Amino acid sequence: MGSHLMQRLNAFADAFSFFLLWLQNSPVILSLLAGLTLPFIFHLPREERKNAPFWLKSVACVSIFFFISGTLSPLTVQGLSYFFKSLDNNILFSVPLWIMTMIFTAAGLIFHITVRRLLAGEIDNLRHRMIKKSRL
Numbered sequence: 044m045g046s047h048l049m050q051r052l053n054a055f056a057d058a059f060s061f062f063l064l065w066l067q068n069s070p071v072i073l074s075l076l077a078g079l080t081l082p083f084i085f086h087l088p089r090e091e092r093k094n095a096p097f098w099l100k101s102v103a104c105v106s107i108f109f110f111i112s113g114t115l116s117p118l119t120v121q122g123l124s125y126f127f128k129s130l131d132n133n134i135l136f137s138v139p140l141w142i143m144t145m146i147f148t149a150a151g152l153i154f155h156i157t158v159r160r161l162l163a164g165e166i167d168n169l170r171h172r173m174i175k176k177s178r179l
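For what it's worth, the numbering used here labels the leading residue of the sequence shown as 44, then goes sequentially.
The calculated label-pair distances, taken between Cβ atoms and stated as ranges, are:
# : residue 1 : residue 2 : range
1 : 172       : 64        : 45 to 55 Å
2 : 166       : 49        : 52 to 62 Å
3 : 52        : 142       : 31 to 41 Å
4 : 174       : 135       : 49 to 59 Å
5 : 86        : 169       : 15 to 25 Å
6 : 171       : 69        : 37 to 47 Å
7 : 143       : 59        : 21 to 31 Å
8 : 173       : 127       : 46 to 56 Å
9 : 89        : 153       : 21 to 31 Å
DMTMM-like cross-link-like pairs, simulated, lysine to aspartate or glutamate; straight-line CA separation at most 20 Å:
#  : residue 1 : residue 2
10 : 128       : 57
11 : 175       : 165
12 : 100       : 90
Hint data in this document are derived by calculation from the structure and do not stem from the laboratory. These numbers were taken from a predicted model, which means no experiment stands behind them. Just so you know, even glycine gets a beta-carbon here, dropped at the ideal spot from N, CA and C.
Please construct the entire structure, taking both the sequences and the accompanying hints into account.
Here is the structure:
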């Protein structure tokens, strides 16, 4: 019984270790995803955030995860390296990594805002067409 439990825990520990190494090695991708998803959090007024649909709340949670593990990855990995020795603990002072994560987060934000503004007119046209069809 104990050996079966140890096998399951070992598999979980291996998967978690692989996940942490993946987080350490791909902060630029995560920071780009953070930039793309962060505007979803700030788009709604404060009153509407409380009554937001589940999918929007889950996008906000994923966006915060991307921000913490992508844009702030040098700080996050530095903190996690005290608990997990497989992580690089000298990443906090990597200036090029900080610059890259900030640039990719800003690029994601700019892309999201640009696409939203370009598609806003098309979405409004579709809404008006749907309203006209439903009135008939």
